[in-house]
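Chains as they are written, first to last, in our numbering: chain A, 1 to 340; chain B, 1001 to 1311.
Derived by calculation from the structure, the hints in this document are not laboratory data. It is possible that some hints are incorrect.
[Claimed, not checked] Short derived list, chain A residues pointing at chain B, Cβ under 8 Å:
{"#": "1", "residue": "Tyr24"}
{"#": "2", "residue": "Ser27"}
{"#": "3", "residue": "Glu31"}
{"#": "4", "residue": "Ala33"}
{"#": "5", "residue": "Asp130"}
Glycine residues also receive a C-beta, built at the ideal position from the N, C-alpha and C atoms.
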Amino acid sequence: MTTSQIPATARYAGFPFPFPTDVYRYSTNVEPANRPVATPVGQWGDSIVAIDGEYDAELDERAAILAADPSRHAVLPHMRPAAWDACLTLLRELAAAYPDDCVLERLTDGRWHWRNRRRGTDLVFTYGDDATLPDEPLRWVSGQVQEDIVLLDQRDQLYGDAGVVTFAADWSFGFDVGMSFLEIHGPVPRIRQEGVITRAHEFLMRLQPHEPYRRTNWTLTIGRRMDVSTETYPEWGPDRELVKVVDDQTFGRLVHLRVEVQHLVRLPDSGAVMFLIRTYLMPLEVLATIEPWRERAAEVLAELPDDMAAYKGIDKYQARAASWLRSAGSGALLSPGGAR
Amino acid sequence: MTLRLVVTALDDSVPGIRSITLADPAGAELPGFVPGSHLAITLGDRTNAYSLTGDGLAPSTYTISVLRVADGAGGSVFVHDRLAAGDLVAARPPRSAFPPVARATRHLLVAGGIGVTPIVSHLRAARRWGRETQVLYAFREGHAAHVDDVLELAPDAELLVDGPDAFMDRLEKVLVDQPLGTHLYVCGPGAMIDAVVSAAAATGWPASRVHLERFGTDALAPGDPFTVRLAKSGITVDVPSGTSLLEALEGAGVTVPNLCRQGVCGECRIQVGAGTPLHRDLFLSDEEKASGSTLMACVSRSEGPTLEVLL
Chain A
1 MTTSQIPATA RYAGFPFPFP TDVYRYSTNV EPANRPVATP VGQWGDSIVA IDGEYDAELD
61 ERAAILAADP SRHAVLPHMR PAAWDACLTL LRELAAAYPD DCVLERLTDG RWHWRNRRRG
121 TDLVFTYGDD ATLPDEPLRW VSGQVQEDIV LLDQRDQLYG DAGVVTFAAD WSFGFDVGMS
181 FLEIHGPVPR IRQEGVITRA HEFLMRLQPH EPYRRTNWTL TIGRRMDVST ETYPEWGPDR
241 ELVKVVDDQT FGRLVHLRVE VQHLVRLPDS GAVMFLIRTY LMPLEVLATI EPWRERAAEV
301 LAELPDDMAA YKGIDKYQAR AASWLRSAGS GALLSPGGAR
Chain B
1001 MTLRLVVTAL DDSVPGIRSI TLADPAGAEL PGFVPGSHLA ITLGDRTNAY SLTGDGLAPS
1061 TYTISVLRVA DGAGGSVFVH DRLAAGDLVA ARPPRSAFPP VARATRHLLV AGGIGVTPIV
1121 SHLRAARRWG RETQVLYAFR EGHAAHVDDV LELAPDAELL VDGPDAFMDR LEKVLVDQPL
1181 GTHLYVCGPG AMIDAVVSAA AATGWPASRV HLERFGTDAL APGDPFTVRL AKSGITVDVP
1241 SGTSLLEALE GAGVTVPNLC RQGVCGECRI QVGAGTPLHR DLFLSDEEKA SGSTLMACVS
1301 RSEGPTLEVL L
């Protein structure tokens, strides 16, 4: 089978479509992890970490971002055990989910042997001994998984005291390091009144090892751009104006539904909470070819209240995205030069 | 998730205390645990929680130590009189409710009697991560578990065997002689915990720096059994102790939308027709709980023997 015969949706077989209903509101939408979800184009959700065709490209991009801007990585001194715990936990999850490519073995002397054929990694390390890895453990393991990683220390509240975040959606990890969970979520509209975030916080405070949970979140992103962090706003911010004036075909190609699968894991040694963010992007022109998703996304975007759209940074083009998706039902927008 | 474990060793070298080693029957690695975690084990018809004393990183065995309490609820007597090597037991995965605080500049660990068990696992982690510790361990001479472990892991641990008054004298001196950022952890008999917590408060320790482990578990109590009547379908379903209302309804073939099964997400809310709900969720507001008109089936139960729901 040649490349041209693969349907456009094959690349998106693991896409986690985030809308269970026609109305989207913030909720504490957590559910147990490791449960596969069948979709019209494939399946997602059967593991904590997910590797797909973007693996090498995204890891290369992450390495370049970290090299250019070290503030995307931080481990406050008291988080060193949590960083090791996260590192080992992620390697275990990779080995469990991708046994053909990733193997983690405990040697008789207690050291760990890690092999990742996809990345050409083969090394032996001692848990807790920084000198046995080529880099700080959290930063190093961020070169093995597509997920962004935040580690929360539990005191009277949860504090975001470590992480590697290169693919932030309109926020800044460097700015948030050391903040409490409640402070980090301060800017989100509605959730304080509705108690969503305090419930989520209490839930996380009680989270136990070996009982991982997940949720999804979403926004729209212009272009296939993983790094839409506050730090790079000058590069992508103007696109929000630009996209208002492009033609319909370009609009469908540029505007992407951005979905985050977020996993919540109580680390089994340090007791820190590991928050993983796996980002998926699907252009509207592909979304429109999957009929139930096209209809559902159009309804959600048309209904989304202004304050929520503004917080997501999509208020300038949310209405056009909704009407674009509705019109795409006729197929008129999808073929170049098609009649409109 | 339930673990099936086999008893691989029993140690009765300390009078009145039995130490038990458990392993996976096939020798597989066991779920790791945070220092200070406990293991809830089903022994006979009872489930009891015991602190894990080993190293929680990729463990091949779990070890617990059980004090014989002749007039207790029966779990410890079962362990001492009936448990034998080769026995199979069911356990839930370890739960963490007494973890070390990552930002502490020093860990002041205070143990009384069998309360030393979670302290031992704290000391193992402290050694791995180079944490500064100070240990006070009070016990009755001849009845102390894990003295060798404590002295190996913390050679300068103070062993206090001269009774409660001498212990409190020493504790009060130690409490006022700590660097800023020290956290205090105490595990032991209830009266001892109360005395240590009071002494810490009296010497100006903020409550957020004082951590205590009473024997028991933070998991939701199994609750009393009750009967639920489904007003619309007219059927009744028994909800035994240890089974949630949601599980009981599912077992009777009644579908209730649900997601988190932890009382957080709000999905499994159901309407109450009669009876008084015993709310144990984080979702409903105080006003909603007080009204008694709905409950979250995954965690909440009934105050009385019967509850009617509008299903």
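Q: Go through the numbered hints given earlier and state which of them the structure violates, listing their numbers in rising order.
A: 1, 4, 5
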